[in-house]
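K.L.:
Guided by the hints, dock chain U onto chain B, whose structure is given.
Chains as they are written, first to last, in my numbering: chain B, 540 to 684; chain U, 41 to 239.
Bear in mind the hints are in silico, worked out from the structure with no lab data behind them.
Please note that a few of the clues may not be correct.
So these bits of chain B aren't anywhere near chain U, every CB distance computed over 10 angstroms [to be verified]:
| # | residue |
| --- | --- |
| 1 | 545 |
| 2 | 549 |
| 3 | 555 |
| 4 | 563 |
| 5 | 570 |
| 6 | 587 |
| 7 | 592 |
| 8 | 596 |
| 9 | 600 |
Chain U regions said to be covered by chain B (calculated; three or more residues, Cβ under 8 angstroms) [unchecked claim]:
| # | stretch |
| --- | --- |
| 10 | 96 to 104 |
| 11 | 110 to 117 |
| 12 | 200 to 214 |
| 13 | 217 to 224 |
Cβ coordinates follow ideal geometry from the N, Cα and C atoms, glycine included.
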Amino acid sequence: MKDQMILRVGMKMMIPFILVYGLYVIFHGDLSPGGGFQGGVVIAAAFILYAMIYGRDEMHKVLPRGLSDALVAIGVLIFAGTGTYGLLAGYRFLDYTPLKPSEPGGAEAWGMSLVEYGVGFTVSMVMVTAYNEITEPAPDERKTS
Amino acid sequence: MPDFLLINLILLLMVTLTGIAAVRARNLLGATMLMSIYSFLMALVWTNMDSIDVAFTEAAVGAGVSTVLLIGALVHVGSEEKPTKSIHWPAMIATVATAAALLYGTVDMPRFGDAHSPANANPVSVGYIQQDVDKVPDASGHHAQRPRPHGDYFHGHVPNFVTAVIVSYRAYDTMYETTVIFLAGMSMILFLRRRKDAP
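Same shape as in the complex, but just chain B (with noise of 0.2 angstroms):
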């Protein structure tokens, strides 16, 4: 499809509007309607819109393969990492309290929306590994194109 110029022009202008909201919808999880993993597929969409209509090699340029192979274990890492400091700091694990001793509430605000950040990553980035992986030519096909 990069031959197509309404696609070209349309999607270099829709992208950014697409990664704004899958941002706005994590970072709003614990507010409105949405979250890590909804945000994390909007986020991947874009990726994956832009793989579909730049090409596959240009889609690596901007998101080398061993970056999102790492940002899927950091999600994980950040998720887990915020259980495991409520458990170092004297609560049970996962236990937001420890995050802002003072205010209860605002510690668990925060500490879903450390979680959700984690689950955005690990979702998008395995949405996008998933595209790369599959649509990936086999041996054969790509000595003839």
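P.N.:
Just chain U now, kept in the frame of chain B:
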């Protein structure tokens, strides 16, 4: 007939028709598009039932990403279905039996929106629905956080109580769900990725 029921009936009729059309379509690209339409209609059904979080997930995952992944798979397998036997009887019997069991199960379900159903009357649900989040000023314009009594798990959470239940009350659950997604990604990297040194 209440508006809610009328809209739901029309939507569910469209969902059924789309499902049948997706099964009967010979062209796999067409079937993929019908599955995407099916997901969007289901998202409308969830919205009609006021479960916005589920609708959001259905629209983003069911209609968005899985359609793209199915099209990615179609690039490899071609878009025409191989002709098969018209009806596979053992599969038909299994499907009909499962559907009958599910329909029988719905007889016991409480009415939609019943405040006294076990799910809605549980202290956990009541606690989260009536939680005091302290995010809006009270009558005197006071913003301060009241001290949370020990063992009070419901007050001081965030306004979206779906998120509160998922990542606070059931945080352990969600952590392992994230781990499952992580493992799915790792398996795809390990099994599907072609390395440069591979034959």
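K.L.:
Work down the list of hints and note, for each, if the structure agrees.
P.N.:
We went through each hint and held it up to the structure:
{"no.": "1", "hint": "545", "result": "holds, 19 angstroms"}
{"no.": "2", "hint": "549", "result": "holds, 17 angstroms"}
{"no.": "3", "hint": "555", "result": "holds, 18 angstroms"}
{"no.": "4", "hint": "563", "result": "holds, 12 angstroms"}
{"no.": "5", "hint": "570", "result": "violated, 5 angstroms"}
{"no.": "6", "hint": "587", "result": "violated, 5 angstroms"}
{"no.": "7", "hint": "592", "result": "holds, 12 angstroms"}
{"no.": "8", "hint": "596", "result": "holds, 15 angstroms"}
{"no.": "9", "hint": "600", "result": "holds, 18 angstroms"}
{"no.": "10", "hint": "96 to 104", "result": "holds (count 5)"}
{"no.": "11", "hint": "110 to 117", "result": "holds (count 4)"}
{"no.": "12", "hint": "200 to 214", "result": "holds (count 10)"}
{"no.": "13", "hint": "217 to 224", "result": "holds (count 5)"}
Of the numbered hints stated above, those contradicted by the structure are hints 5 and 6, listed in ascending order.
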